[in-house]
Structure formats: C-alpha cells, structure tokens
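Visitor: So the sequence lines, in the order shown, correspond to chains X and W.
Under the numbering used here, the first residue of the first sequence carries the number 1, and numbering increases by one thereafter.
Under the numbering used here, the first residue of the second sequence carries the number 475, and numbering increases by one thereafter.
Be aware that a few hints might be false.
Computed spacing ranges between beta-carbons, pair by pair [what the hints assert, rightly or not]: (1) X:Gly37 to W:Phe488: 41 to 49 Å; (2) X:Met417 to W:Asn645: 51 to 59 Å; (3) W:Val497 to X:Glu88: 51 to 59 Å; (4) W:Phe488 to X:Leu140: 36 to 44 Å; (5) W:Ile535 to X:Gln459: 56 to 64 Å.
Stretch-level coverage of chain W by chain X, calculated; a stretch enters the list once three of its residues show a Cβ under 8 Å from a Cβ in chain X [said to hold, decoys possible]: (6) 617 to 625; (7) 638 to 646.
It should be emphasised that the hints constitute simulated quantities derived from the structure, not laboratory data.
Positions of the beta carbon are idealized from the N, C-alpha and C atoms, including for glycine.
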Amino acid sequence: MLKIYFICSFLIGTALAFNRFRPVKIALLSLFVTLQGIMTLHVIRNRGTGFWYFNADSLAVIFITILFFISALSIYHSFAYLKWRQKEARERNFYFAAMVILVAALTCAYCANHIAITWVFIEITTIAASFLIYYLRTDLALEGTWKYIFVCTISITFVFIGILLLGIAAGPAGITDLTYAQLTANASRLDPFWTKMAFIFIFTGFTAKAGLFPMYTAGIDAKDKSPSPAGALFASGIMNVGFCGIFRTYQFIALTSSAEWARSVLVISATISIFIAAVYMMKVDNYKRMLAYSSIEHMGIIMLGLAMGGIGVFAALFHLVLHSFIKAGIFYQTGITYRVFGSKLVSETGGYFRISVSGSMVLLLGFFCVTAVPPSGLFISEFLIFTEMFRSGYIWLMLAVMALLTVIIWAFGRKIMKVIFTPVNGFDYENAERPALSESLSQFAIILFIMIMGVCPPQPVLDIIHAAAGTLAR
Amino acid sequence: MTNLILLIFIVTLFFLVSAWRLVTYIQILALQGVMLFLVALLSLTQMHWANFAFILTETVIVKAVIIPVFLAYILKRNNITREAEPLVPTFVSLVLMMMLVIMIFFLSYASGYAILDNLFFVVALSTIFTGLYIIMTRRKIITHVMGFLVIENGVFILSLAVGNEMPMMVNMGVLLDMFAGVLTLGIFINKIGDVFKDGDVSNLRRLKD
Chain X
1 MLKIYFICSF LIGTALAFNR FRPVKIALLS LFVTLQGIMT LHVIRNRGTG
51 FWYFNADSLA VIFITILFFI SALSIYHSFA YLKWRQKEAR ERNFYFAAMV
101 ILVAALTCAY CANHIAITWV FIEITTIAAS FLIYYLRTDL ALEGTWKYIF
151 VCTISITFVF IGILLLGIAA GPAGITDLTY AQLTANASRL DPFWTKMAFI
201 FIFTGFTAKA GLFPMYTAGI DAKDKSPSPA GALFASGIMN VGFCGIFRTY
251 QFIALTSSAE WARSVLVISA TISIFIAAVY MMKVDNYKRM LAYSSIEHMG
301 IIMLGLAMGG IGVFAALFHL VLHSFIKAGI FYQTGITYRV FGSKLVSETG
351 GYFRISVSGS MVLLLGFFCV TAVPPSGLFI SEFLIFTEMF RSGYIWLMLA
401 VMALLTVIIW AFGRKIMKVI FTPVNGFDYE NAERPALSES LSQFAIILFI
451 MIMGVCPPQP VLDIIHAAAG TLAR
Chain W
475 MTNLILLIFI VTLFFLVSAW RLVTYIQILA LQGVMLFLVA LLSLTQMHWA
525 NFAFILTETV IVKAVIIPVF LAYILKRNNI TREAEPLVPT FVSLVLMMML
575 VIMIFFLSYA SGYAILDNLF FVVALSTIFT GLYIIMTRRK IITHVMGFLV
625 IENGVFILSL AVGNEMPMMV NMGVLLDMFA GVLTLGIFIN KIGDVFKDGD
675 VSNLRRLKD
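Turn these sequences into a full structure, and let the hints guide you.
Guide: Here it is in structure tokens:
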C-alpha cells in the first residue's frame with residue numbers, strides 16, 4: 001500500500017506542477033486527499049504491518065491520521081489564500097505540488113523503521129517546504145527561505161553525523177542494519193561513548209524540525225513567511241516529524257546505560273526552549289511569529305513529559321496530538337485576519353470582533369484552548385506532565401516552568417485580546433472585508449474536538465496513544 | 475598512508491581558516507576533494523566494486539571539479555569582492571582552531587580506543603567544527619556555502635570510518651552533495667546576488683525579533 005501511495009502521490013505532485021487547467025488541478029488535489037484518506041484508513045486498520053523499511057506502528061498511525069486532517073484542511077484553505085495573493089499560474093501550481101510532495105514525504109518519514117530512511121525523507125521535506133515558504137517571491141520570503149534551507153541543511157547534516165556515530169557504536173554490538181527494532185533489541189550492547197555522541201548530534205539535528213532549542217530559528221521564519229495554510233502544516237506535520245525522529249531515537253537510548261544522560265539533555269533543551277518562548281512572546285509584535293514561539297513552548301512541555309517517563313510519555317503524546325490540531329486551526333484563522341487587516345503586526349490590527357464575530361470567537365476560544373484553560377484537553381496533559389515532574393523530584397524546575405507559562409499566557413492573552421477587541425485608529429471598519437462563516441467552520445470543529453478530548457476522550461484514541469507511549473521503556 | 479593523508483587534511487583546515495582570498499578557499503576545497511578521493515580509494519577495500527567505482531567517481535568529479543569550478547564561476551558572475559572578510563582576526567582564528575583540534579584529540583582519548591584507530595573520527599570532527607567556525611565568522615553568503623562544503627567533507631571522512639561495514643551510509647552521504655548543489659544553485663538562480671546587491675549576510679538581517 002505504501003509503495004502504491006508513494007508512487008501515486010509523486011505522480012500527482014509532478015502532474016500538479018505542470019498542469020495548466022483549473023478543473024484538472026482541483027481533480028488532482030481531491031484525488032490526493034482521497035488517496036491520503038485511504039492510506040490513513042489502511043494504516044488504522046492494519047496497524048503494525050509494513051514492507052521493506054516501512055512499518056506503520058502506533059506512533060506512525062497517530063501522526064498519519066493528524067496529517068490527513070491537517071493536509072486536507074490546508075489544501076482547502078489554500079484556495080482562499082491564493083485567490084487573495086494572486087501570483088503567476090506557475091507559482092500556484094508549484095505551491096500545490098510542493099504541498100503534495102511535502103505531505104507524502106512526511107507520511108513516509110513517520111512510517112520509516114530505519115533511521116537512515118527517516119533521514120532521507122526528512123531531507124525531502126526540507127526542499128518541499130522551501131518552495132512553500134518562497135511562494136510570495138519577495139525579499140523577506142527569500143530571506144526566510146534561505147535561512148530555512150541553510151539551517152535545515154546544517155541540522156540534517158548533524159543528524160547524518162549522528163547516524164554515522166551510531167554506526168560506530170553499533171559495530172561491537174554486531175548490528176548490521178540500523179533499524180529501530182535491531183537497535184532496541186541490542187541497546188544494552190551499544191558502546192556508551194559513541195552512543196552519547198550519536199544522541200547529541202541526532203537530537204541537535206532534529207530540533208530544527210521539532211522546534212526546540214538550539215535550532216528552533218528555522219521554524220520561526222518558516223511559519224512567519226509561508227502562507228498561513230502552509231504555516232499550519234509546518235506547525236503540525238513538520239514539528240511532528242522532528243518529534244518522531246527524537247522519540248524513536250530516545251526509545252532505544254532509554255534502554256542503554258546513557259539513559260540518564262540523554263534524559264538530562266532533553267530536560268535542558270526543553271527548559272531553555274520554554275524560556276526563549278516566554279522572552280520572545282513578550283517582545284514580538286507579529287502574531288504569526290508569536291504563534292510560532294508558542295509552538296516552541298509546547299514542544300518544550302512535550303519534551304519535559306517525554307523526559308519524565310511514566311505517565312509523562314502518554315501525556316506528551318496526548319499534548320502533541322491536540323497541539324497539532326489547535327495550532328493549525330489558529331494559523332488558518334490568522335491567515336484570514338491577515339487578509340482582512342493587511343498586516344501581521346498586533347499594533348496595526350485590532351477590533352476584529354467588529355468585523356467577524358465567528359473569526360474572533362475562533363481566536364478567543366483557540367487562545368483558551370492553546371493556553372490549556374479547562375475544558376481544553378491540553379489542560380489534562382499539562383497537568384499530568386506537572387504531576388509526573390513533581391513525582392520525579394523536579395519540583396524547582398516545575399515551579400520555574402509554571403512561572404514561565406504564566407508569563408506566556410499573559411503575553412499571549414494581551415496580544416490576542418488587542419487583536420479581538422481594541423480598535424485601531426485609521427482603519428476603515430465599514431468597508432472592510434467580512435470573512436464568511438464557512439471559512440471558520442473547520443476551526444470550530446477543531447476547537448470542539450479539543451474540548452471533547454478534555455472532557456470525555458474517546459477510548460480508541462486513548463488506547464492508541466497508550467500503545468505508542470508503551471513502547472518507551474519505563 | 476591513509477593516516478598521513480588525513481593529517482595533511484588537518485593542515486589544509488588551518489590553511490583554510492587563515493586564507494584571505496576567496497580563490498584560495500576554492501583551491502583548497504578542490505585539493506580536499508582530491509585528498510578525499512585518495513582516502514576513499516585506500517580505505518574502502520571491502521566494498522562491492524560497482525559501488526566503489528560510483529563513490530570514487532562521484533567524489534573526484536563533484537567534490538574536486540564541478541563544485542570548485544561552479545563556485546569560481548559564481549564568484550566571477552556575481553562580482554563578489556575577492557576578500558573573505560573574516561569578522562575575527564586570523565591570528566585569533568588560528569589559536570582557536572589549534573585549541574579545537576587539541577580538544578578533539580582529548581575527547582577521542584576519552585572513548586578508550588587507540589588514537590590511530592580514531593584518526594578518522596578526530597579529523598572528521600575537526601573538519602566539521604572548522605566548517606561551522608567558517609560559517610560563524612565570515613560575512614558573505616558564498617563563504618557560508620563554502621563552510622557547509624567543508625562540513626560535508628568532514629561527514630564524508632566520518633562515513634568512510636563505517637564504510638566497510640555499512641556501505642549504505644557512504645551512498646547516503648552522496649545525497650548530501652545534492653543539498654550542496656541546492657545551496658550553490660540557490661545563490662546562482664535565486665538572485666541573492668541581484669536582490670541583495672552584494673552577497674553579504676548583513677542584508678539578511680531584517681527577519682528577526
């Protein structure tokens with residue numbers, strides 16, 4: 001199935017790049033969404049099956065399901081965006097082709113069960129993503145694209161160095177192929193020195209995609225400069241692929257004698273990420289960048305959960321799932337806000353409530369959901385992570401993180417409330433564009449989902465997250 | 475013999491850090507390509523012959539010929555000034571480099587293996603950090619790309635260390651060359667030279683908080 005999927009999506013991507021007729025384009029895109037849907041259903045039905053170097057385990061199933069919803073919504077919202085930012089037909093075609101290739105590469109990267117195969121597909125996502133960032137062809141877009149490619153290339157090289165060092169570490173253990181299964185089975189026989197070196201390089205490399213300290217900068221510019229629907233994909237699909245790489249590596253590192261050491265690396269990186277997010281969220285004026293920094297904060301919390309172990313791993317995955325949805329939803333809405341006000345700056349935006357009640361409700365409820373105010377599902381996961389931190393004896397760290405989160409909620413709230421309620425001088429509210437309710441429906445569905453997950457989460461969803469979390473050693 | 479070439483490789487790194495003109499950088503990169511070719515020729519003895527031939531031709535053609543020639547062409551076409559314009563005095567760079575290499579030697583002692591077995595690792599890591607250092611301390615976009623090429627050379631050396639056991643790794647290193655191509659083409663096609671008059675990173679500083 002995966003073979004057919006990859007060949008088909010590659011063909012669709014190529015066809016989209018060269019096709020000139022609008023009906024054909026829409027047909028191809030709906031074909032791709034259908035294909036993605038069939039693929040998602042297939043992996044949900046046949047969890048654990050695979051071929052060659054691909055294996056759809058629980059983690060991959062979770063991520064593919066998220067990706068299906070987000071990619072379908074992103075393609076839908078792209079039409080409104082591209083209508084507003086009219087460019088040459090060629091550039092629009094490249095935009096959709098890049099999006100299709102990106103989604104396909106992400107799907108394969110989630111499924112890969114060999115660390116080098118993950119690496120290859122993540123490399124493809126960098127190139128596809130750079131086309132999305134460069135859509136507007138302006139100086140700033142060029143700058144963002146260049147920085148994204150450069151930072152991602154350096155980090156992908158780091159991952160490769162890590163894989164090579166892992167190869168050295170695996171030599172004495174008699175591992176011939178760096179599949180995750182073999183590495184997990186022989187984890188106790190890996191050479192400790194080289195394993196540590198490998199982990200630090202692999203982790204640093206994947207942080208560029210996951211959005212953590214030290215390589216987080218690439219993702220910020222990418223989410224800011226790319227069109228909002230693509231930004232949603234960056235905030236969910238691409239961050240998940242980075243997390244996927246870190247999670248699968250940590251899975252076998254946790255079984256070696258370097259587990260404690262790897263754990264402290266995760267804690268340090270997570271804490272610095274949350275700190276950076278808090279500092280910049282107070283400072284930035286651009287709300288898309290503010291959302292990007294908020295993603296870094298959430299990724300930091302998720303890493304803390306992963307490092308704590310126990311129920312923390314479950315909470316981290318739960319948090320990641322919900323964050324992928326809600327952040328994408330807010331990104332779609334900011335795309336509309338940007339279109340209405342013609343500015344991404346908080347200081348030049350305001351009084352959105354007078355223009356669109358539905359849109360401002362999305363922003364308001366989305367803000368409550370993303371800052372983990374009950375009944376948002378994120379509240380439960382954050383609560384579980386803090387409980388686990390308390391139980392593991394990280395009380396001071398827990399208090400520090402809580403203080404930083406308070407700062408973040410304050411900074412986030414102040415800016416979102418300004419956008420929603422405080423009118424700006426000199427903006428013509430009478431003749432402003434009134435976005436249709438239909439554009440906000442998808443976001444309402446997402447918010448409803450987040451709240452249901454907070455109040456009474458469905459058992460099958462919990463089961464699959466438990467299955468994915470259970471693979472990490474206690 | 476391999477060890478001798480690897481040690482000379484470290485010397486080229488010092489030369490690279492202290493070099494002043496961009497043309498020298500390109501020449502050193504070409505020289506490094508040839509040296510990598512020799513190291514690969516001598517160390518990948520247990521590899522399948524077709525794969526072996528592919529890697530050797532790829533190394534010598536891409537690393538030693540195509541990329542240097544292309545960089546020289548970009549230099550001429552985009553009218554980039556000849557000097558590398560380091561932000562740090564050369565003397566300081568040399569001292570830092572010296573300390574770096576010594577530190578990596580000590581790190582390699584910590585692994586508990588004999589130093590000569592680890593020479594691949596020492597040289598590779600020195601090369602990678604030299605590349606990062608060049609990226610950090612130079613102003614031009616083209617020197618950043620050159621820094622990346624140096625990092626890539628380091629990765630290639632490291633992949634040779636596991637090349638006999640896992641030949642797939644060396645092949646995947648070739649994929650990194652593709653990225654080097656993307657980066658150099660990026661300067662060439664995407665008009666960084668045209669949009670920003672001189673390829674200077676200070677033009678790329680507007681996107682920040």
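Visitor: Tell me, in ascending order, the numbers of any earlier hints that this structure violates.
Guide: 1, 3
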